[in-house]
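Assemble the dimeric complex from its two separately framed chains, guided by the hints.
In the order they appear, the protein sequences are chains A and B.
Numbered per numbering that gives the first Met the number 0, the first sequence spans residues 0 to 192.
Numbered per numbering that gives the first Met the number 0, the second sequence spans residues 0 to 526.
These are computed hints drawn from the structure, not numbers from a lab.
Every residue, glycine too, gets a C-beta built ideally from N, C-alpha and C.
Please note: incorrect hints may appear among the correct ones.
[What the hints assert, rightly or not] Derived DEER-like restraints, expressed as beta-carbon distance ranges:
| # | chain 1 | residue 1 | chain 2 | residue 2 | range |
| --- | --- | --- | --- | --- | --- |
| 1 | B | W129 | A | H20 | 42 to 48 Å |
| 2 | B | R444 | A | T170 | 36 to 42 Å |
| 3 | A | V43 | B | L306 | 18 to 24 Å |
| 4 | B | W129 | A | M139 | 38 to 44 Å |
| 5 | A | F80 | B | R521 | 46 to 52 Å |
| 6 | A | M16 | B | T64 | 56 to 62 Å |
| 7 | A | P136 | B | A43 | 55 to 61 Å |
| 8 | B | G62 | A | M139 | 43 to 49 Å |
| 9 | B | G4 | A | H20 | 31 to 37 Å |
| 10 | B | V320 | A | V43 | 25 to 31 Å |
| 11 | B | L111 | A | L76 | 28 to 34 Å |
[Claimed, not checked] Heads up, simulated SDA-like pairs for lysine to any residue below, C-alpha to C-alpha not over 25 Å straight-line:
| # | chain 1 | residue 1 | chain 2 | residue 2 |
| --- | --- | --- | --- | --- |
| 12 | B | K107 | B | W15 |
| 13 | A | K122 | B | P229 |
| 14 | B | K21 | B | A121 |
| 15 | B | K145 | A | G171 |
| 16 | A | K115 | B | A217 |
| 17 | B | K107 | A | E8 |
| 18 | B | K107 | A | S15 |
| 19 | B | K12 | A | S10 |
| 20 | B | K145 | A | N158 |
| 21 | A | K122 | B | T218 |
| 22 | A | K155 | B | R220 |
| 23 | A | K122 | A | E157 |
| 24 | A | K155 | A | M169 |
| 25 | A | K155 | B | P235 |
| 26 | B | K12 | B | L35 |
| 27 | A | K24 | A | L84 |
| 28 | B | K145 | B | F128 |
| 29 | B | K21 | A | S10 |
| 30 | B | K145 | A | S131 |
| 31 | B | K107 | A | E17 |
| 32 | B | K107 | A | A89 |
| 33 | B | K145 | A | L51 |
| 34 | B | K339 | B | Y476 |
| 35 | B | K21 | A | E21 |
| 36 | B | K107 | A | M16 |
| 37 | A | K115 | A | Y45 |
| 38 | A | K66 | A | F42 |
| 39 | A | K24 | B | I284 |
| 40 | A | K122 | A | K155 |
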Amino acid sequence: MEKVDRRVEHSHHFNSMEQEHESGKQGAWLFMATEVMMFGALFVGYFLYRGLYHDAWVVGGELLNWKLGATNTLVLLLSSFTMALAVRDAQMGQNKKAIAKIIVTTLCAISFMVVKYFEYSGKIHAGLFPGSWAPIPEYMDKINAIVEANNLTNFKLENLRLFFVVYFVMTGLHGIHHNWYRFNDLVVEKIKE
Amino acid sequence: MAASGTNYINCEKGVWSWLTTKDHKRIALMYFFAILAFFLVGGAFAILLRTELLTAEPLFMSGNTYNRAMTLHGSIMVFMVIIPGIPALLGNFALPLMLGAKDVAFPKINLLSWYLLMTGAAIAILSLFWGGVDTGWTFYTPYSSKSADAVTMVVLGAFIMGMSSIMTGLNFIVTIHQLRAPGMTFMRMPLFVWSLYATAIMQILATPVLAITLLLIATERIFAIGIFDPTLGGDPVLFQHFFWFYSHPAVYIMVVPAMGIVSEVIATFSQKTIFGYKAIAFSSIGIAAISFLVWGHHMFVSGQSDLAGSIFAILTMLVGVPTAIKIFNWVATLYKGRIKLDTPMIWTLNFIANFTVGGVTGLFLAAFAVDVHLHDTYFVVAHFHYTMLGGALTGFFSGLYYWFPKMTGRMYNETQGRIAAVLVFIGFNATFIPQFIMGSQGMPRRYHTYDGIFAPYHIASTIGSYVLAAGFIFAIYILIRDMFKGEVCTEKNPWGGTTLEWETQTPPIHENFVEIPTVTSRPYEYR
Numbered sequence: 000m001e002k003v004d005r006r007v008e009h010s011h012h013f014n015s016m017e018q019e020h021e022s023g024k025q026g027a028w029l030f031m032a033t034e035v036m037m038f039g040a041l042f043v044g045y046f047l048y049r050g051l052y053h054d055a056w057v058v059g060g061e062l063l064n065w066k067l068g069a070t071n072t073l074v075l076l077l078s079s080f081t082m083a084l085a086v087r088d089a090q091m092g093q094n095k096k097a098i099a100k101i102i103v104t105t106l107c108a109i110s111f112m113v114v115k116y117f118e119y120s121g122k123i124h125a126g127l128f129p130g131s132w133a134p135i136p137e138y139m140d141k142i143n144a145i146v147e148a149n150n151l152t153n154f155k156l157e158n159l160r161l162f163f164v165v166y167f168v169m170t171g172l173h174g175i176h177h178n179w180y181r182f183n184d185l186v187v188e189k190i191k192e
Numbered sequence: 000m001a002a003s004g005t006n007y008i009n010c011e012k013g014v015w016s017w018l019t020t021k022d023h024k025r026i027a028l029m030y031f032f033a034i035l036a037f038f039l040v041g042g043a044f045a046i047l048l049r050t051e052l053l054t055a056e057p058l059f060m061s062g063n064t065y066n067r068a069m070t071l072h073g074s075i076m077v078f079m080v081i082i083p084g085i086p087a088l089l090g091n092f093a094l095p096l097m098l099g100a101k102d103v104a105f106p107k108i109n110l111l112s113w114y115l116l117m118t119g120a121a122i123a124i125l126s127l128f129w130g131g132v133d134t135g136w137t138f139y140t141p142y143s144s145k146s147a148d149a150v151t152m153v154v155l156g157a158f159i160m161g162m163s164s165i166m167t168g169l170n171f172i173v174t175i176h177q178l179r180a181p182g183m184t185f186m187r188m189p190l191f192v193w194s195l196y197a198t199a200i201m202q203i204l205a206t207p208v209l210a211i212t213l214l215l216i217a218t219e220r221i222f223a224i225g226i227f228d229p230t231l232g233g234d235p236v237l238f239q240h241f242f243w244f245y246s247h248p249a250v251y252i253m254v255v256p257a258m259g260i261v262s263e264v265i266a267t268f269s270q271k272t273i274f275g276y277k278a279i280a281f282s283s284i285g286i287a288a289i290s291f292l293v294w295g296h297h298m299f300v301s302g303q304s305d306l307a308g309s310i311f312a313i314l315t316m317l318v319g320v321p322t323a324i325k326i327f328n329w330v331a332t333l334y335k336g337r338i339k340l341d342t343p344m345i346w347t348l349n350f351i352a353n354f355t356v357g358g359v360t361g362l363f364l365a366a367f368a369v370d371v372h373l374h375d376t377y378f379v380v381a382h383f384h385y386t387m388l389g390g391a392l393t394g395f396f397s398g399l400y401y402w403f404p405k406m407t408g409r410m411y412n413e414t415q416g417r418i419a420a421v422l423v424f425i426g427f428n429a430t431f432i433p434q435f436i437m438g439s440q441g442m443p444r445r446y447h448t449y450d451g452i453f454a455p456y457h458i459a460s461t462i463g464s465y466v467l468a469a470g471f472i473f474a475i476y477i478l479i480r481d482m483f484k485g486e487v488c489t490e491k492n493p494w495g496g497t498t499l500e501w502e503t504q505t506p507p508i509h510e511n512f513v514e515i516p517t518v519t520s521r522p523y524e525y526r
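Next up, chain B with everything else stripped away, as it sits in the complex (with noise of 0.2 Å):
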């Protein structure tokens, strides 16, 4: 890493000083290593099962193994990658920083969301040596509370995570209310911090339903009664209730950070005034809010009630308001603006073009007759993929190369930044178009082989998916091998942006700012 002068990374040394820091930017830093390596291991699983997936006969993996590794995958992605992604890696490093505070409101128990996160994902992951678990990541009774494999660890892991979560939803909340600079005023503030607000109530609200229903789960299981198991008198649907409750908030607390970075890199590499900065605020919250009513649209064929059906619908399609209203101010500011196609400008277009096209097919989705034809087809499956890999994670890195230079004081290769982030756009929609028609065409998710007539969209998603890995460990390997071999950087503001996190030094003091800047105007005041 670089070394001019004291900053953050070389103000103390040895591997102790980072384990128990309580630097926001240092804690940043850990989280960055251990999500990187857990996206990785989520995608090694990924890979696998697309490549099982190039013949409708066993390849090497048997049925079992196949839904092992399902359900590895999606949990690691939700629970250790997308989840903690962008609000503990990015919003810890940017929200004290864009807020020009000198740390989160509580540093102690910022560390303590590291060591949570990383007990309950290895508590999640060693579970492989106990058989795994066979359940998908929604741990849907009363299969879960029969399966004989580990889903009692599983889910304690996922509950320790949530923890971590709610720890860090909280400090944020209290940081932003508490730590804001002089003259910094809720509407001055950069929307990347009004997009962790948003998420942070909804980690706050939504992550301890999740939390008793796991424990719940677990309960069940060591005593053997019948919470949700029907055979004992429960209620599965109940589980479904209570599942999506945080489940549905939890998909919107993978997505809106990410929207957050969308508004930065746009603003900034359009050196345009952001338009319409009031409605991109407000409609985070707007999101926050409509996503604890609209958990039912994950129950269409379980039994609900047609009115039941019809409101969640409704209220399904509300969100879709919040979302274009982001979507047509960000290209409204692309409008006439001096756009820059660096790397972190790519990841953001990427997020717009790919999340369109999710958000649109969830409308799909949420009409409830169109439903009941694409309900745990491969249509839902690119659908969420398209919200949750071509959104969110594009937007994560879109986020990680937009930072980089500050947090690391060295500058990656822009060229082979711009050849990984285009390859992912490749490779993800080869990967998941073919999903769509042949979700549409009734090729059920979940299934370790499939009829004939889906081979060539299966072959070509596979094909596409390899594409996309590429691209994704070329990204890594370019922010890996950078942050210690790649050019010094020791300007303050090499984008040009307005956010308070460009006026202190590259890479920041321990204290972020050696004196703390006072704000007189909104951010983004470009022309």
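Chain A on its own, in the form it takes in the complex (with noise of 0.2 Å):
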């Protein structure tokens, strides 16, 4: 197949340079939509175990370190950011500034993996990681206290070991979903120079 410059020529098979941004454009809009469907199957079992078990959920929610997530959420915040910014500087032909700001982006990456190892291991060390499931003495102590000051008479331990599997599948397949696609989008930068 001939070499072609794609900034300036269309592929052999669209007739203009519209044609093929057009089909570019809704072949990710396309692909956004099996993402909704993947994680909405993810969600759906989220809310489904959250009504059966909810008592669990209340434990297994003041468990969880909010300071880190809220970090984890600014992160993904300013990457998203920074990547749209990307792409408006590539638009208007800057591609230097394009990709400082994918570097940028990429550190976000970096550092949301950072967080999400320290908020893991602090999980893992407390025995709650449900694999091996063994919650130390501190932690039933702690989760002994959070259902007496919530009166939760439905609490059942096992069904708080289900609430930490929901974490961390869904917190996990995001963590490699998103380092998945920030490597993709370098390796089609790369290509692209």
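Quick look at the structure:
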């Protein structure tokens, strides 16, 4: 296949650059639809179990570290923002600026994983990883205190384990997914250069 | 293959030019060989199963081996043959040609889909060497979370094949929206294109749910956590909801494109304007829409409430409406047509006869009081083979023979083609009619043994399956042989079709059309 300079000339099977661009955009939106369906299923599972085991969800929520969670939310919002700016720069033809912003985005991705590391290791040390489930005494006291303070009569420890199953699966898959696409973005950028 | 002038087959040479091709027609040919090979493997497992069932006592397989062979038969046929069969192979070949486009919108992603299918298939088949899988193709939990076999491998293989299916669907939707020739409005698109459009919607929206579900099973097994495993607090019925939310639309992913082929073939070989173009086109979309709302009919005996059961039963019966619309329109097209009984037409008539039986028995099963009796019996096995084999696969073969001259530049042997198609019809019905009878009498599915009273039905079914296998092997033999040795055919339009793929040379050039045609009317304007 002949080499084509994509910035000036459209690929052989399109009629115009606009048509090629529109197709790419449509493809990206359809891909987003698959993402919604994929994570949608996880949310269905989350809400189903939340409804079934409400009391365990209250306890589980109290055991999470909201400060680390909030930090990561900010990191994600920032990375989306810099990515959007990078797209704008690329459209204006300012490739150097765009690349700088993509680097910031990538740094955000790395710091996201660092925060996640501290969040996860805290849980795992406390014996809250569902695969090797054995909450340490200190946490058992915490759990009991939360149960008493909120008068959670339907609380069962095994349901708390399920809470952490859902927690690790959802956040873990999100983390893997997040890094995979950052990686892909980088590769795509390299190819385009 | 034919060599008269430049065409997409001889424009580049060497294995590497095939493995790196971005031409949709070459990718289709690569699917052709891969999918027919998978079909022969899946079929071989079916014959082993039927042979084992000649006697109630073990003949040459233990119960465990039987379960593994049954799982592989199902997984191969569903994920590697029928789902990719029509869209990825025939859709890839015909869709850009029918639209008057030079290629699909994303040729590289198209090639990636082929490699994903190959990777997923390799992983799934290699699981045989890690002990195989005995869960059945549905991977029901909690058994699949506990079963010591290579479930993780097969599940990951199916996950990767799912990605392939999503990418194909995405490619087709964008192609249909963006790359239609001038004048090709939606209402002037061939009906096969409409059916691929409906299929692609289902592929894009349903397959991700299967993907995440399979990933959850793998996670559950690798980390020993309980998402679906009730002993660890999970809910196995949630798995069934997730699984069938994909897998019910998946059966329409398999059969709707076959309906598209039937619409093409029936118009061409009746030489008559298709009856109810709009009705057939919209009923494809209708099936796609309803397909997302009926998954609960797989779970009538899984502890679902009566209310949910009634709702799912009614919604399921609704699917019968667009399906029947299609069948009536096809029959009306035949009426007073100049019918030519060439091989593609015989396969298509096979489809209409068999699929009607499959559809009507589907209504029996949708009635949830009746389903309690028939659930998990051979009646269900016969029902879905009438839709998947008698329906989807005969439609697939109809399309293979229909586009064969265009694809290869050669003509197959007509007499032999007809004999193979008729053999399949006889063998198919001989195999599955006994299964309806014994199922209604209580023969449970997925057992390697049976009560003596079912022996005559099992023996009849096994003999039928040999005829069926002979028919399919013959049909494939003809295609492969005549692809290389058949009579050269350079006629643009050997069948007298009206869609755009018949306006370009045979086989087409790399960019499909020397000059992109302008469309001024609907297809199928015969008289």
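Broken hints, numbered, in rising order?
Every hint satisfied by this model.
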